[in-house]
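S.K.: Next come the chains, spelled out residue by residue.
Number of protein chains: 2
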Amino acid sequence: MDIEKRKSLEAAGWKVGDASDFLGLTSAETELVELKTRLALFAKEQRKTNQLSQETLAHKIGSSQSRVAKIESGDPSVSLDLIVKALLSAGTTRQELAQAILDSV
Amino acid sequence: MDIEKRKSLEAAGWKVGDASDFLGLTSAETELVELKTRLALFAKEQRKTNQLSQETLAHKIGSSQSRVAKIESGDPSVSLDLIVKALLSAGTTRQELAQAILDSV
DNA sequence: CTTTAATATGTCATATTTGACATATTAAAA
DNA sequence: TTTTAATATGTCAAATATGACATATTAAAG
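If you're matching them up, the sequences are chains A and B in order.
12 is the number of the first residue of the first sequence in this note's numbering; add one for each residue after it.
12 is the number of the first residue of the second sequence in this note's numbering; add one for each residue after it.
Hints should not be assumed to be uniformly reliable.
One copy or any two copies: either way a pair holds, since identical chains are not told apart in the list.
[To be verified] Under the rule of at most 25 Å between Cα atoms (straight-line distance), these lysine to aspartate or glutamate pairs were calculated in the DMTMM-like manner: (1) LYS59 to ASP86; (2) LYS71 to GLU40; (3) LYS59 to ASP114; (4) LYS71 to GLU42; (5) LYS81 to GLU40; (6) LYS59 to GLU40; (7) LYS71 to ASP92; (8) LYS81 to GLU42; (9) LYS55 to GLU40; (10) LYS55 to GLU42.
Honestly, the hints are just simulated from the structure, not real lab data.
Nothing here was measured: the structure is a model prediction, and the numbers come from that model.
Construct the entire structure; sequences and hints are all you get.
M.R.: Quick look at the structure:
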């Protein structure tokens, strides 16, 4: 993990240890954050590929446009459950999901 | 989705539509439930493979033995975030995670 | 430029998830 | 059996995620 990636995660609002101690994150926690970030980007790609507006996708998942925007921006208030629900609702297959997990951030 | 699978999901406490209308689940929601169920089973396998007790894994993820039991039993109160954190903390690689997603329930 | 559709950002009351705890059940020794 | 370690189940206050809303910003026409 280089300094630039650390800065970008902190800038995005990710909690880092108790206050701002980045070293407080276990490697599993860091991996999870990176995985969620990757899937957030992928969710945006997939929605566009399937020609859906954020508003349309929001209705499909029973949510709102603003929350879809938060999903795609990697907002730390968004759960992995919601990211995956958005992906599946946008037409992403399990195969594509699995491949996205293999891709690095 | 056959009747037996429906019954098993409902018996496990999964919310189904507004009250008990199973048909109220979208296919994306059903896929997500099945995915979480698969990963819950996989989490139990991985913990055992790596010779960890629930108590030990609980400490690694900053949680408790009882919640690890809930993760592994597919309890509906457990988030996908927590399931994946448990997997990664038990030593599961991204490759193994991706493969588990491809496996059917 | 102006209009209009799409996306982003901030806030908040409500809903869901959380770790912790007590306690029950099961499994493995001794 | 009895003891002891491991796992399961139920509950709850606190923490976190949620949809909804207002509004700002951006993009695409016209």
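S.K.: It remains to establish, for every hint, whether it holds in the given structure.
M.R.: Results for each hint:
no., hint, verdict
1, LYS59 to ASP86, "within (19 Å within a copy, 34 Å between copies)"
2, LYS71 to GLU40, "between (30 Å within a copy, 10 Å between copies)"
3, LYS59 to ASP114, "within (19 Å within a copy, 27 Å between copies)"
4, LYS71 to GLU42, "between (29 Å within a copy, 14 Å between copies)"
5, LYS81 to GLU40, "both (20 Å within a copy, 20 Å between copies)"
6, LYS59 to GLU40, "between (29 Å within a copy, 21 Å between copies)"
7, LYS71 to ASP92, "both (15 Å within a copy, 22 Å between copies)"
8, LYS81 to GLU42, "both (20 Å within a copy, 22 Å between copies)"
9, LYS55 to GLU40, "both (23 Å within a copy, 19 Å between copies)"
10, LYS55 to GLU42, "both (20 Å within a copy, 20 Å between copies)"
In this structure, none of the earlier numbered hints is contradicted; all agree with it.
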